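Chains as they are written, first to last, in this note's numbering: chain A, 517 to 631; chain B, 161 to 275.
There's no promise every hint is true.
[To be verified] Calculated cross-link-like contacts (lysine to any residue; reagent style SDA-like; alpha-carbon spacing at most 20 Å):
{"#": "1", "chain 1": "B", "residue 1": "Lys-182", "chain 2": "B", "residue 2": "Tyr-192"}
{"#": "2", "chain 1": "B", "residue 1": "Lys-182", "chain 2": "B", "residue 2": "Asn-227"}
{"#": "3", "chain 1": "B", "residue 1": "Lys-202", "chain 2": "A", "residue 2": "Arg-627"}
{"#": "4", "chain 1": "B", "residue 1": "Lys-217", "chain 2": "A", "residue 2": "Gly-619"}
{"#": "5", "chain 1": "B", "residue 1": "Lys-182", "chain 2": "A", "residue 2": "Gly-556"}
{"#": "6", "chain 1": "B", "residue 1": "Lys-262", "chain 2": "A", "residue 2": "Arg-627"}
{"#": "7", "chain 1": "B", "residue 1": "Lys-197", "chain 2": "A", "residue 2": "Asp-554"}
[Said to hold, decoys possible] Label pairs and their in silico Cβ distance ranges:
{"#": "8", "chain 1": "A", "residue 1": "Thr-629", "chain 2": "B", "residue 2": "Ala-230", "range": "35 to 43 Å"}
{"#": "9", "chain 1": "B", "residue 1": "Leu-200", "chain 2": "A", "residue 2": "Val-631", "range": "34 to 42 Å"}
{"#": "10", "chain 1": "A", "residue 1": "Lys-530", "chain 2": "B", "residue 2": "Lys-217", "range": "45 to 53 Å"}
{"#": "11", "chain 1": "B", "residue 1": "Ser-172", "chain 2": "A", "residue 2": "Ser-596", "range": "40 to 48 Å"}
Think of the hints as simulated: they come from the structure by calculation, not from any bench. All values reported here derive from a predicted model rather than from experimental measurement. Idealized CB from N, CA, C, for every residue including glycine.
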Amino acid sequence: NAGVTQTPKFQVLKTGQSMTLQCAQDMNHEYMSWYRQDPGMGLRLIHYSVGAGITDQGEVPNGYNVSRSTTEDFPLRLLSAAPSQTSVYFCASSWGQGFGGYGYTFGSGTRLTVV
Amino acid sequence: GENVEQHPSTLSVQEGDSAVIKCTYSDSASNYFPWYKQELGKGPQLIIDIRSNVGEKKDQRIAVTLNKTAKHFSLHITETQPEDSAVYFCAARVTGGTSYGKLTFGQGTILTVHP
């Protein structure tokens, strides 16, 4: 099924550990982004990419790193996990400018707990 | 940057009643307004969207209205059913030209439909 695939679904980390959240889409979308969802805060943008080799910071980028070497993949790296990074992380993709439809397609999320 | 405010944060209705969720946005350049439904343990799913050149859009029991002058838009659900119970997010995005436009979300509304 076409869509956005996130792995893992659940992860527990110890403070100071690093890890990579994986995101892949098979819709040839140009635009990909990472959001975190916290209670009462809605969805906040961490990083986004408008195409392979191009990334930029969102609203809450500190402590996270991204790269986009292919159109399909957009991994999110936690450099040194902190309890404040306990959250649910969503990857989303969409067409860029010039294509029909601007709605995002979301993955099913990664629930991360940092202890 | 864009700021989207969403109200109410929680909404409880009886089955068959109507539900209305309201959002305001700050950036007059925003021209695309989607609504997402998020069920427990899943990623948000696009349910309806509206462009700024349209004042109202309807899809079966769901409708969205947009007032560009006042910079607010609303989601209307008629004849609510228990399966409408979920978290609903509004969002705003600038599309067109050379800007890919980040999607900015409201804080979310927890809708509960009682049988």
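Okay, the hints, checked on the actual structure:
1. With a C-alpha separation of about 16 Å, the suggested pair B:Lys-182 and B:Tyr-192 falls inside the 20 Å cut-off, and the hint holds.
2. Our distance criterion of 20 Å between C-alpha atoms is met by B:Lys-182 and B:Asn-227, whose separation comes to about 11 Å.
3. Under the criterion of a C-alpha separation no larger than 20 Å, the hint pairing B:Lys-202 with A:Arg-627 is consistent with the structure, at around 11 Å.
4. In summary, the hint linking B:Lys-217 to A:Gly-619 is supported, as the alpha carbons are separated by about 15 Å, within the 20 Å threshold.
5. As the CA atoms of B:Lys-182 and A:Gly-556 are separated by approximately 16 Å, the hinted pair is consistent with the 20 Å bound.
6. Between the alpha carbons of B:Lys-262 and A:Arg-627 the distance comes to roughly 23 Å, so the proposed pair goes past 20 Å and is violated.
7. The hinted pair formed by B:Lys-197 and A:Asp-554 meets the criterion: a straight-line CA distance of about 16 Å does not exceed 20 Å.
8. Judged by the Cβ atoms, the range 35 to 43 Å given for A:Thr-629 and B:Ala-230 holds: they are separated by roughly 42 Å.
9. The hinted window of 34 to 42 Å between B:Leu-200 and A:Val-631 is violated, with their beta carbons roughly 24 Å apart.
10. At about 48 Å, the beta-carbon gap between A:Lys-530 and B:Lys-217 stays in the expected band of 45 to 53 Å.
11. Evaluation of the 40 to 48 Å hint for B:Ser-172 and A:Ser-596 yields a pass: the beta carbon distance comes to about 42 Å.
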